[in-house]
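Once you've looked at the hints, go ahead and assemble the two chains, each given alone in its own frame, into the complex.
Residue numbers (the working numbering), protein chains in the order written: chain A, 1 to 232; chain B, 1001 to 1299.
Rather than coming from a laboratory, the hints here were simulated on the basis of the structure. Beta carbons: idealized from backbone N, C-alpha and C, even for Gly. Hints are supplied without guarantee of correctness; some may be wrong.
[Said to hold, decoys possible] Short, incomplete list of chain B residues facing chain A, as computed with Cβ under 10 Å:
| # | residue |
| --- | --- |
| 1 | 1003 |
| 2 | 1005 |
| 3 | 1060 |
| 4 | 1063 |
| 5 | 1204 |
| 6 | 1207 |
| 7 | 1211 |
| 8 | 1212 |
| 9 | 1213 |
| 10 | 1215 |
| 11 | 1217 |
[As the list claims (entries may be wrong)] Here are a few chain A residues that sit away from chain B, every Cβ distance over 10 Å (derived from the structure):
| # | residue |
| --- | --- |
| 12 | 69 |
| 13 | 104 |
| 14 | 108 |
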Amino acid sequence: MDLVRIKNVEKKYKNGVTALYDLNLAIEKGAFVFVIGGSGSGKSTLIKMLYREEKPTKGQIIVGGLDVAKLKNRKVYKLRRKLGIVFQDYRLLPKQTVYENVAFALEVIGAKKDEIRVKVLKALEDVGLKHKLHEYPDHLSGGEQQRVAIARAIVNDPKLLLCDEPTGNLDPEMSMEIMKVLEEINNKRGTTIIMVTHDKDIVNKMKKQVITLKEGRLVNFKKKGTYNNEAI
Amino acid sequence: MKPFRMLGRSIRDAFKSVIRNFSLSLASISCITITLIIVAVAVIASFNVQNFTKEIEKDMTIVVFLENDATEADVEEVKHKIDNISNVEKYTFQSKVEIKKQMQSESEVFNKVLEEWDENESPLKDTFQVKVKDIEKISATAEKIQAFNKVSVVRYGEGMVDKMVTAFSSIEKVTYGIVIALIIVTVFLIVNTIKLTISARKREISIMRLVGASNFTIKTPFIVEGMILGVFGSIVPIIISTYGYLAFYNHFDGHLFSELIQLIKPEPFIYTTSLIVLVIGIIVGMIGSASAVKKYLKV
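Chain B extracted, bound-state conformation (with noise of 0.2 Å):
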């Protein structure tokens, strides 16, 4: 087949290449690698912060207590309001009698002192629990919930669980805008090798257009070889990132500062990140080569 035969050849052509330039080659594997290990960082770094957000985001919800005073009308009318807000995902309801009965059984004390009081004098009140779709929304929830009849106080984790969503959030922007400068940083270095590469080789370039050789064939050599250069460059970023991830779960007992801020699990993460660094630095080096190549496919 004639597409399996030219790329056989550009292949080939690539390697030789590859070993041909070596201290060219070397320097721009190099390039790639730093970079790779710090977008190697980068990329670990904002999957944890997405993953700390996501489970806090989990457990924020909007605890609602309705008025000594509310009827069983009054709950069945609050429960029905909650159900038409939009961004409510599922809430759970327990009544006082029930709180007084879980509050019984599980102490003695709290036993005593409940059975004391009768239904008017208690202080425990009717209870929501509720879950939002979307937690950045979840003030004008917890207001829309406040301005309900019968409903005394509404809670949610304003404060310092807030701040540190906003602080995730604001970290992962940061690297991630790290991650495309340092990539753009990478691309220009592998225009440049690859452009020393071509130089070398302009001779050769200029008798394949004049024997009739298409654009395509005489791009792909550069291109694999770019590709080439992306992946041993992505060799030691990977294994680093790999292995430093593991040393640095196990270290800190796979959660960070407090038991709140988990770290993700490292089996099939360090998997993924890996498949990440791998493709960037694939995808790297090719959009490099081929910039570099066009300059010189005009006639």
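One chain only, chain A, in its complex shape (with noise of 0.2 Å):
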């Protein structure tokens, strides 16, 4: 089954550069994906049009059995309901606590508080910060700030897990740390992850299945790949 399709997709901005062309792409369920690409090769547009927040000119994408590009504006938070996603920023809220930051995510969409509670330790349990629950991000290391915010991500067990450079702000030690972590989520949860990065590092040590851009456009799409210079 596949979790990700992408039919035919092109994606041009108002300003008139064309960050896809005509591209076609099925990712199945527990799958771990990296996407690489050099700057303007429009691995953020393909990401950033998972999670709605670009729609795509032309074409048909369909995650976890929603057509994205028809979406509305306000059902938009259907989609986002099965996602999960991490920012190269972490985007936590700083006056709240590592456990009111994860619990956020499930306060608004509106679930019960005992509810909240479980899937909030065990979110965090997951990423290793259970001792940490009523720290503030700012006294936490960059590292453990984007484990916060894998938390919040999967926190509603989402199907996909979109990370937009999550390592892109990290040292490469923690860089490791945080992609362990994924793929015990991977693993363990059997969450599909779609990972943009231009680590060369990280993909090579990782083998996992790699799409690379270039231009706009599918250069390969590997089961275990490594970051292939030439290719970009």
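Here it is as structure tokens:
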């Protein structure tokens, strides 16, 4: 079963720049996929279209059975509830504790208090931060902050976890820590992960599926890929 | 219950936001307060004007005198015709004999004078007093009656009363205009205040959207916040208008300039006014915040 299916997708921005040309892709459930490519390759546009921050100009994108391109603005939340999203800049609320930050994702969709407690603790355990529940994000290291963000992204048990350069702000050691967490989530929870990155070491070490984009076109999609400098 | 849980969260968040952005909230509350004071004055004035007009209209009647030689058959005919005019609400009829008796009973002097006159010399006339349904068509109705056979003179409150009614109704229109203009200005002020509190919470909103909060969930705390500002903003105007009107009413003994212009009794009236002020405050706050938050809900 494919969780994500992209058919003949083209994205042209209003300023006339075309970010993606006729893209076709299928990502199956439970996969761990890297999306790599140089700047201007369209990798960020691709991931933004998956969580409907951008709409494709042409073509069809299906995520977990939802036709993303046809989704109305006020229905976008239906898609977002099936997804977890992690960014380079963590996007945590500075005035709330680690626990509150993660619980926030469940609170705003109207979950019950008991349910929130159980799920938040489980998610924080999965990312190894159960001992820092009551800390504020400012007091945590970058790697820890990113793990809080990951906990927030997985707390709702999403089918798909989208990561946009999650290690971009971190040193190699912390980056590997994050990758271990992600791999564990992929293995234990069976969450499909799509991660945009330009970190060569990570891609080469992890030996996962790799989608390579160049100037808005798909160059290759390898089952156990590495970061190929020539392709980019 | 999920909706209640969400509502509880919204109210909690709204109060937090009002307190957190205290100076800003205070600014919009002051704006609402000033507007609502003027709105309250306008509402009180407008209700009173309506009341005067109604009272005056109630007293306006058409008086119809028949000619001296009108027979009983003529009287019947006129009665019948008046009945057929659609604008006539009701009428009373006094024959010359009845008027004579009434006048005689009222004073000794009249009694003697009237006694000397026989039926044909008497200056008294058969009289109708006609009340109309729609005061604005009173002159048309009067003209119709004038045209009837054996009708000699038709009188209604031309002139002064007429002018007063028109003056009052234009005063009313002006007050409505002022109230509407003020409300629009206040809505703009609230839009700006809420926009500022929103921009302080932009990050929070974007995260809410990312984790799948529906637009409704995101909007409600801000709308509640607007309503809270409206409620706080209406406290002072309600106090001022209530005690102000009481003092005004007592100072003028319940009427303005002459007995003719009666003020509305304060007892239920000030409660109605307070309620109107409160509701306007809440609605203005709601509209302002709803339109401010709209912009942030696009993806």
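Here is what the structure says about each hint:
1. Evaluation of the residue 1003/B hint against chain A yields a held restraint, the C-beta minimum of about 8 Å falling below 10 Å.
2. Annotation: residue 1005/B was flagged as interfacial toward chain A, and the flag holds, the nearest CB pair being 6 Å apart, inside 10 Å.
3. The interface hint given for residue 1060/B is broken, as the beta carbon of that residue sits about 57 Å from the closest beta carbon of chain A, more than 10 Å.
4. A least Cβ separation of about 67 Å between residue 1063/B and chain A goes past the 10 Å threshold, and the interface hint is therefore violated.
5. Annotation: residue 1204/B was flagged as interfacial toward chain A, and the flag holds, the nearest CB pair being 6 Å apart, inside 10 Å.
6. Hint status for residue 1207/B: holds, given a least beta-carbon distance of 6 Å to chain A, under 10 Å.
7. Checking residue 1211/B against chain A: minimum C-beta separation of about 4 Å stays under 10 Å; hint holds.
8. A least Cβ separation of about 4 Å between residue 1212/B and chain A falls short of the 10 Å threshold, and the interface hint therefore holds.
9. Among the interface hints, the one on residue 1213/B holds; its C-beta lies about 4 Å from the nearest C-beta in chain A, closer than the 10 Å criterion.
10. Hint status for residue 1215/B: holds, given a least beta-carbon distance of 5 Å to chain A, under 10 Å.
11. A cut of 10 Å between beta carbons decides the hint on residue 1217/B: the least distance to chain A is about 6 Å, and the hint holds.
12. Every C-beta of chain B lies more than 10 Å from that of residue 69/A, the closest at about 13 Å, which supports listing it as non-interface.
13. Not every Cβ of chain B is farther than 10 Å from the Cβ of residue 104/A; the closest lies at roughly 7 Å, contradicting the non-interface assignment.
14. Residue-level check failed: residue 108/A sits 4 Å from the nearest beta carbon of chain B, not beyond 10 Å.
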